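This is what each chain is made of:
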Amino acid sequence: MRDQIPLVPIEVKVNGKSHKLEVEPRMLLVELLRDGLGLTGTHIGCDTTYCGACTVLLNGNPVKSCTVFAVQADQGEIMTVEGLAKDGQLHPLQSAFSEQHALQCGYCTPGMLMSSYSLLSKSPSVTDKDIVKGIAGNVCRCTGYQNIVKAIQLAAQQTKGR
Amino acid sequence: MSKAKENKKPKRWVGTSLRRKEDDRLIRGHGKFVDDNRLGEMLFLKMVSSPYGHAKILKVDVSEAEKLPGVVCTLTGTEVASLMQPFMEIGPEPGAKIVDYPMAVNRARYQGEPVAAVIAKSQAIAEDAAELVHVEYEMLDAVVTGEDAIQDKVILHESSGTNLVWRGLYEWGEVDKAFKEAAYVVNIDRLHFHRFTAAPLENNAILAHWEPDGRLHFWCNNSFPTFAIQFLAPALGLRLEQIHVKTEDIGGSFGVKITHYPQMAVCALASRKAGGRPVKWTETRTGNLTASGHCNERTYRNTRVALDKNGVIQAIESRQIDDCGAYTRYEPLGAVIWSQVVPGVYRVKNLRIDFAQVVSNKCPCAPIRGYSRLQHLWFMERVLDICSYELGIAADEMRLQNYIKPEEFPYTTPNGCVYDSGNYPKMLEIAKELVGWDRWVKKQQEAKKEGRMIGIGIGTTLDSGTNNFGQSRIINPYAPFSGNSEAANIKVDLDGNIVVSLGSTPQGQGHETTTAQVVADELNIHPDMVSVRTGFDTEWNTYTGHSGTYASQFAVTGLSAVHGAAQKLKKEMKKLAAYALQAKEEDLEFGVGNMGPELRVKGTDKSINYWGLANLVNVNNAGLPNEIAELTLNCRYIYRPPFQIPDLKRKYGNLTLTYAAQLHIAVVEIDPEMYTPKILDYAAVDDCGTVVNPMIVEGQVRGATAHGIGAALMEACVYDSVGNMLTSTFSDYTPITAVNMPKVHYGHIESPSPFSFNGAKGMGEGGGAALHAISAALQNALFEYGITIDDSFTTGNTLYDALVGKKVMQRANNVKVERGVA
Ligand code: FES
Ligand code: FES
Numbered sequence: 001m002r003d004q005i006p007l008v009p010i011e012v013k014v015n016g017k018s019h020k021l022e023v024e025p026r027m028l029l030v031e032l033l034r035d036g037l038g039l040t041g042t043h044i045g046c047d048t049t050y051c052g053a054c055t056v057l058l059n060g061n062p063v064k065s066c067t068v069f070a071v072q073a074d075q076g077e078i079m080t081v082e083g084l085a086k087d088g089q090l091h092p093l094q095s096a097f098s099e100q101h102a103l104q105c106g107y108c109t110p111g112m113l114m115s116s117y118s119l120l121s122k123s124p125s126v127t128d129k130d131i132v133k134g135i136a137g138n139v140c141r142c143t144g145y146q147n148i149v150k151a152i153q154l155a156a157q158q159t160k161g162r
Numbered sequence: 001m002s003k004a005k006e007n008k009k010p011k012r013w014v015g016t017s018l019r020r021k022e023d024d025r026l027i028r029g030h031g032k033f034v035d036d037n038r039l040g041e042m043l044f045l046k047m048v049s050s051p052y053g054h055a056k057i058l059k060v061d062v063s064e065a066e067k068l069p070g071v072v073c074t075l076t077g078t079e080v081a082s083l084m085q086p087f088m089e090i091g092p093e094p095g096a097k098i099v100d101y102p103m104a105v106n107r108a109r110y111q112g113e114p115v116a117a118v119i120a121k122s123q124a125i126a127e128d129a130a131e132l133v134h135v136e137y138e139m140l141d142a143v144v145t146g147e148d149a150i151q152d153k154v155i156l157h158e159s160s161g162t163n164l165v166w167r168g169l170y171e172w173g174e175v176d177k178a179f180k181e182a183a184y185v186v187n188i189d190r191l192h193f194h195r196f197t198a199a200p201l202e203n204n205a206i207l208a209h210w211e212p213d214g215r216l217h218f219w220c221n222n223s224f225p226t227f228a229i230q231f232l233a234p235a236l237g238l239r240l241e242q243i244h245v246k247t248e249d250i251g252g253s254f255g256v257k258i259t260h261y262p263q264m265a266v267c268a269l270a271s272r273k274a275g276g277r278p279v280k281w282t283e284t285r286t287g288n289l290t291a292s293g294h295c296n297e298r299t300y301r302n303t304r305v306a307l308d309k310n311g312v313i314q315a316i317e318s319r320q321i322d323d324c325g326a327y328t329r330y331e332p333l334g335a336v337i338w339s340q341v342v343p344g345v346y347r348v349k350n351l352r353i354d355f356a357q358v359v360s361n362k363c364p365c366a367p368i369r370g371y372s373r374l375q376h377l378w379f380m381e382r383v384l385d386i387c388s389y390e391l392g393i394a395a396d397e398m399r400l401q402n403y404i405k406p407e408e409f410p411y412t413t414p415n416g417c418v419y420d421s422g423n424y425p426k427m428l429e430i431a432k433e434l435v436g437w438d439r440w441v442k443k444q445q446e447a448k449k450e451g452r453m454i455g456i457g458i459g460t461t462l463d464s465g466t467n468n469f470g471q472s473r474i475i476n477p478y479a480p481f482s483g484n485s486e487a488a489n490i491k492v493d494l495d496g497n498i499v500v501s502l503g504s505t506p507q508g509q510g511h512e513t514t515t516a517q518v519v520a521d522e523l524n525i526h527p528d529m530v531s532v533r534t535g536f537d538t539e540w541n542t543y544t545g546h547s548g549t550y551a552s553q554f555a556v557t558g559l560s561a562v563h564g565a566a567q568k569l570k571k572e573m574k575k576l577a578a579y580a581l582q583a584k585e586e587d588l589e590f591g592v593g594n595m596g597p598e599l600r601v602k603g604t605d606k607s608i609n610y611w612g613l614a615n616l617v618n619v620n621n622a623g624l625p626n627e628i629a630e631l632t633l634n635c636r637y638i639y640r641p642p643f644q645i646p647d648l649k650r651k652y653g654n655l656t657l658t659y660a661a662q663l664h665i666a667v668v669e670i671d672p673e674m675y676t677p678k679i680l681d682y683a684a685v686d687d688c689g690t691v692v693n694p695m696i697v698e699g700q701v702r703g704a705t706a707h708g709i710g711a712a713l714m715e716a717c718v719y720d721s722v723g724n725m726l727t728s729t730f731s732d733y734t735p736i737t738a739v740n741m742p743k744v745h746y747g748h749i750e751s752p753s754p755f756s757f758n759g760a761k762g763m764g765e766g767g768g769a770a771l772h773a774i775s776a777a778l779q780n781a782l783f784e785y786g787i788t789i790d791d792s793f794t795t796g797n798t799l800y801d802a803l804v805g806k807k808v809m810q811r812a813n814n815v816k817v818e819r820g821v822a
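Those sequence lines, one after another, are chains A and B. Each residue of the first sequence is one higher than the one before, starting from 1 at the first, in our numbering. Each residue of the second sequence is one higher than the one before, starting from 1 at the first, in our numbering.
These aren't lab readings, by the way, just hints derived from the structure by calculation. Treat the hints with care, as some may be off.
What the hints assert, rightly or not - As a list, the in silico DSBU-like pairs of lysine-lysine whose alpha-carbon atoms are at most 30 Å apart:
#1 B:LYS432 with A:LYS17
#2 A:LYS150 with B:LYS443
#3 B:LYS432 with A:LYS150
#4 B:LYS743 with A:LYS150
#5 A:LYS150 with B:LYS678
#6 A:LYS160 with B:LYS743
#7 B:LYS443 with A:LYS129
#8 B:LYS426 with A:LYS150
#9 B:LYS432 with B:LYS349
#10 B:LYS448 with A:LYS129
#11 A:LYS13 with B:LYS32
#12 A:LYS86 with B:LYS32
#13 A:LYS20 with B:LYS121
Stated by the list, open to error - Sample of chain A residues lacking proximity to chain B, with all beta carbon distances greater than 12 Å (derived):
#14 PRO9
#15 ASN59
#16 GLY88
Claimed, not checked - Here are some, though not all, of the chain A residues that point toward chain B, as calculated from beta-carbon distances under 7 Å:
#17 TYR50
#18 PHE69
#19 PRO110
If you're wondering where the values come from, they're calculated on a predicted model, not measured in any experiment. C-beta: ideal position from N, C-alpha, C; glycine also.
Isolated chain B, as found in the complex (with noise of 0.2 Å):
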């Protein structure tokens, strides 16, 4: 951003690409994340874990370990199991069956499970202790598919007797007759959405110090902590006022995050049995990879699709198995979150969808970017798109029929979500402009007379954000919560400085400026001029207890708490400004003068600066009348979107406020000799409503993006049959590097919200966008080869086994089309 744009103050700072504040610390080596943290007399705890994905423990000899000069305690997973009750689960039965402590307890459920801890003096002699511990071990067999899973042949929790955590059939419109009634029907036999993970750059840390007089603190980069306490404190038997959570710069979260509260509690334990000493656990890469979270697994089996005679979708059923890994955790949270975005993008009206999660031998899953509607999204993508090759209809006329169109807005979908506003062909337009669609359609042309098979595709998907919790009782209906909320306190300080805190977890967000922004604009004042402290902390900051980051909301919930905080505040600092100038209310205006940040009497020079009212309040307040005496300069506002439970019968209901949607196109070329796949050229656009700082909406289209690509061609979870993760270190799992990534042209069209103060939308998961586009381009360059692209995961391996093993993705044995009585 230009010299002349940060002197010159525009009319409005909310709408610019104002640098960010937290930007500073971060260049220069300054910001304080969790293994920064160094605390006089802390120990390192080093985790010992399962080398099986399923074993039974025989014995864990931890005697050796103990006699290590340095080494403090240990603790196996019989002691935590004594020292705690079980995490609380979300869902119902079966699933609620499940018996969750943080460690393995006689079983071991997946690769990585932590089965005894060593704490020492040092990081050095924590590792050589975790050596010594001693694990005698009877191998299992392991279940490694949802499609095994539901078989129950082998079962993982024996508390509840079954792999099933949850199944549910949802059902909206008249499926029946719409597929009596329907010109196509096109089965998909199966079609899978692969294991992966979010990876961020900075592993989970925790820094635990549980004091001898009960209270409880953690410095930890947990991105949903007062979901985490709210965990904690009955497992650990505290009342929530005993438990100190603080969070400071996160290295990336993308949702993985939100569930390491197990390891929280094995540092607790830790630090109690140590003497009260604080402990501090950084995971390692392979540990992340392997035991932090993944996002779920899903097969889709016997797909069918009605469809009238000019390629409008009518109807979609559908049997789904959702494989969360080893242990709910979040789930089964995910079995309905998907119905968030249950028509994708087009108007289809009538589905049945029977949908099952499982537990695998697997790492558990973690509510990732996306979060179950991206996996449901791709679905209706790879649904839509396969219809379009089928049909014969070109895959972009094939949308352009089925999109919800423009005037339809806010339009209804099939179970009472209200897609607030939104133009999908407009974006098409704008996106196929960027890349140069028709060139490409040429110069695709001209490749296949040279035998080079090269591929265009659409991805249309939806960022739904600010979520109704509501949704969880149709997944539980006792599940204790519902509705959303977001707090913010802001108050003039004692030296008249302008002080914001927040209750979110931002991890490379922004929302100090963001947030600096529309204080700015309220206050007219310049966002320098207002310090906002970030991150969780149940002691500094305020909270709610839907408090932190995730779920693409702090654009409606965190910023509309804090214009509803200025608002109290500017209304305070008016009443005692008047009484101060001896002015009436409505002659007053903000602004800054000589003396700093002020209010004013129009057209005069009187006037009493920041400093002067705070004087006022807190140091100088002898004789002041009872209505002024009352005012604090320091105001709370919580921000709560107006949401309704559900009807959970009918699974029907407003489970999401705002719709923020993306489409990319990808042009992907397939090398005729390795068969890897290319991207050639990439467009991506964006709309996530009023855009509150352009820079850091693209920043997010733009990470997104990479993190999807990775996804699609480089990124993924794989395990062997017996439960062995086989890309358990960077150098395996080959987290997208900028070798990979395409250039990638930006464009952007706001339509703003009608259900949010600022019109903005939340936004920066990204539906997967790019995880749609590359199988779309997939499928459009080797349909003539009798391909059907029916993962999300593709690679050169699966092209060769493809095009020339013709062992998968066949077509013939996955699609077929039966002409309907229409």
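With the rest of the complex left out, here is chain A (with noise of 0.2 Å):
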């Protein structure tokens, strides 16, 4: 039975801060995050890797954690929404989502952050395409889309600007 298959001892470093956990081979990472570590920011919208509601970054890239297994990201560096504030101080992006209404329900908000915060980590000039290409694989039922890419284009002028 499956519950006799052999846990695995991973490490992780999730938003800077060490774990070393058992789990079963087929956890997913997002269930890593929400259940093993009690980071219910990161979010599932769909069962075929199409909604990017459970986008985090794994050493530096953004990935889809609901089609990540936990095991794959052992010895990896995991940032999630729950890592983007520093000393409770909003990143540029959240603030500039709130401003621009880029939310309604917020359920799509942590992925998008983080689609968005790797975008912008690779170069904070982007064109209004570029972001739209950028959130692509992220899916809003409620806002439209516009608001959040202004909000992205916001955030990115005040990165360069800095």
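Join the two chains, each given in its own frame, into one complex according to the hints.
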């Protein structure tokens, strides 16, 4: 039976904090984050790697954490939405999302933030087209996207200005 | 919003784009959605669903599943039926003869219908165990279209003996006379409004805990919980008082989360069977797409339109079949709710609609964004549009000819609804300007020379809000509801903080923010000084039997309740402050002083802050005179719109309080090789009366536009002939993404409603404007190719079949014009 399959020891750094855990081989990264570590900011919205609600950074790259096994993240560095604010201070992207009304229900927001964080960390000089491409794998059912693009552009301007 | 704006207090908070109070927790990943709850001893439930659209269930064997370590118990349909009563039916017979349990008993009637459930210690074990449940089926013929269902060749519910749920004739004015006197009669054989769904990004989720002492708790994302518990309590044999429901952050609903009370019942029974341990169920996306709720699918047959020589519509008659899926649930309310907008935005006075609703082997319907009105409004827009081409009148001219005129408001429709206010020609003018109408008309002509197909289309639509539940009596004279109401409670807490509680279940509409804006204006304080508790909660918040978030009403029902409660509280505060300060009530004013929010004697430094007032009432009340001692600083107000029960014989009465309007213009090009339609330009103009928070209103318009564009071009619940749903994952359903979303030019006007305290109209559903505008744009591009746009869903495939295969959308097979006597 499945529960007799031996657990696998892994070590991950999440938002700067190290964790040693034993996980089932089939455990998904999103399950590790939500259920194992209680980081429920990362959401689940689909079962076909389409919606991006589960997007986090794994070793600096955006991944859909519903499509990565926890064991694949072994020895990895993970950043989730909870890691964006520093000492309680919002990241410019977070403020921009609120200012531009880029969220309604907020369910897609953590994934959107992580995708756009990754986009801007490559280069803050982005056109609206780049942004649209950058969030092509993130579904939002509330906003119609335009305000999200605006918010990311605003944060990009602010990042460049610094 | 700029810093300066936030620091400098405007005269009034209502009307400003105040940044939302709810954002902070959501952008930090600290929102609390149902699935984020973890309780000790919590178990996980997995549904086993029917793979067939229609099948007899011969045997359900759970023995192997129960043997799996970690499985606590299972439930089967037969067992569920023995533990509860079937859900009540809203409509009369024959629909009322349908026996509705939350799980299939002996027969599965749509793909995805739950037939069993397993409850286990972890989600993973539950999923393993679900695979070990063996179900033997015998496949049955399925019926998957409304037009087939009404023939009754395959019958879904033996108890009812027919697929017909409800049928009624709606007739107003002098239809026959109008046809006799018409200059033209346009016949449209068939139009079809397709099935799609809301697909909120958060799926349904329920955490149920039925304690051994009989108390039943639900943490859920149901968006109309008071309706849900009124269904659940009698079915489970409970008093309402024994059920505690709580909602917190909800990841979108758009109406679809109204109808998951069957799953709530399953989770409750599972929790009881598991010995009173909490049980959590989170729906999968495929579960959501196949078994949550779809919008009503409607077919319009034998439509006849009488017009005068100027193209003004005189009369419409039509036979309509609404397909509500396998069970009625919220239905047959959709069979009357469309009549909130009988003439659309037009002056037509004579109508005869033979309306039938049927069941089919598809997912049951839910009251999804625009519910039942958008289907009718699309029909009205298609009728008007098709007639304009048939008569050779430009589509914009045709609309101007037929619109209800600005000076005619308040306008009484043929069925007694009162459109409160509006200005459709003005909206058209603004939308044309935003999209660059003249420029596009020119471009279109030039493109035509190169063989390119570009169309420009207008959609004008309504978002009727604050409905009169009395309209349900038109369906069922014995239905026990009418009117509408919403509650708000406002108090000065022990520590002097202002706390407002509501009965609504916001899913992104910003109720915390708009409520704080209204209260801040009343008390002359900053919105940050107002704590707002949203989310329905039978123990923690206030509510009425109509509470919830649906049908475009919060700006009217919710904020009226907030406003009323604030008035009551202010009265009490003044009385108390006058006593404490030994001053006259009329000399007092509200404001903020050094010690926070206060009441002060005008022109003096004599004041008492909110803590001081609360202290007097709550913890320092010895020696207070009687008339002061009875003050509570805790005030509840129920807003009730002034509705009457409609005249049931004539199907006549005021069915909704406010009518927000939307006007969209779409410019669409059809790819010459792939035939895929592509949006080149887009404008949306909104009128929802006085705007409480412009940013939130614009956000709702943009969101509804995306839903509409998605529905028109990408999103459909497609079934094959045996009832397999072919678009059961996001990868097949393809919800619209940023890549497919055109830039939307936004504009708005304000026609204040004379019927709400603040001039606001409920909004947010959007009336399906994008669907109407895109159909119209395609019609504009393709009329000259002999095409009539007769379906609300259009893809490259359909257009290929239409233009190359000449198989579908052929005008010659669908539309005929007769010249009348006039
Ligand atoms: S949950 Fe990972 S992509 Fe949808
Ligand atoms: S804000 Fe609701 S899904 Fe994006």
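For each hint, the structure was consulted:
1. Of the pairs offered as hints, the one joining LYS432 (chain B) and LYS17 (chain A) is violated, with about 56 Å between alpha carbons and a cut-off of 30 Å exceeded.
2. In summary, the hint linking LYS150 (chain A) to LYS443 (chain B) is supported, as the alpha carbons are separated by about 29 Å, within the 30 Å threshold.
3. Using a Cα cut-off of 30 Å, the hinted pair LYS432 (chain B) and LYS150 (chain A) holds, with the two alpha carbons roughly 24 Å apart.
4. Restraint check for LYS743 (chain B) and LYS150 (chain A): the C-alpha separation of about 11 Å stays at or below 30 Å, so the hint holds.
5. With a C-alpha separation of about 23 Å, the suggested pairing of LYS150 (chain A) with LYS678 (chain B) holds against the 30 Å cut-off.
6. The straight-line distance between the Cα atoms of LYS160 (chain A) and LYS743 (chain B) is roughly 25 Å, inside the 30 Å bound, and the hint therefore holds.
7. For the suggested pair LYS443 (chain B) and LYS129 (chain A), the alpha carbons sit about 24 Å apart, so the restraint of at most 30 Å is met.
8. In summary, the hint linking LYS426 (chain B) to LYS150 (chain A) is supported, as the alpha carbons are separated by about 29 Å, within the 30 Å threshold.
9. At most 30 Å may separate the alpha-carbon atoms for a hinted pair to count; LYS432 (chain B) and LYS349 (chain B) meet this at roughly 28 Å.
10. Only pairs whose Cα atoms come within 30 Å are accepted, and LYS448 (chain B) paired with LYS129 (chain A) is accepted, the gap being roughly 29 Å.
11. This hinted pair checks out: LYS13 (chain A) and LYS32 (chain B) have alpha carbons roughly 24 Å apart, not beyond 30 Å.
12. A hinted pair counts as satisfied when its Cα atoms are at most 30 Å apart, and LYS86 (chain A) with LYS32 (chain B) qualifies at roughly 21 Å.
13. Straight-line distance between C-alpha atoms of LYS20 (chain A) and LYS121 (chain B) comes to about 23 Å, which keeps the hinted pair within the 30 Å bound.
14. Under the 12 Å C-beta cut-off, the non-interface status given to PRO9 (chain A) relative to chain B holds; the minimum distance is some 18 Å.
15. In this structure ASN59 (chain A) is separated from chain B by more than 12 Å, as the shortest Cβ-Cβ distance comes to about 20 Å.
16. At roughly 9 Å from the closest C-beta of chain B, the C-beta of GLY88 (chain A) falls inside 12 Å, breaking its exclusion from the interface.
17. The interface hint given for TYR50 (chain A) is met, as the beta carbon of that residue sits about 4 Å from the closest beta carbon of chain B, less than 7 Å.
18. Interface hint at PHE69 (chain A): violated, since its Cβ lies 13 Å from the closest Cβ of chain B, which is beyond the 7 Å cut-off.
19. For PRO110 (chain A), the shortest C-beta to C-beta distance to chain B is roughly 5 Å, which falls under 7 Å, so the interface hint holds.
Checked against the numbered hints above, the structure violates hints 1, 16 and 18; every other hint is satisfied.
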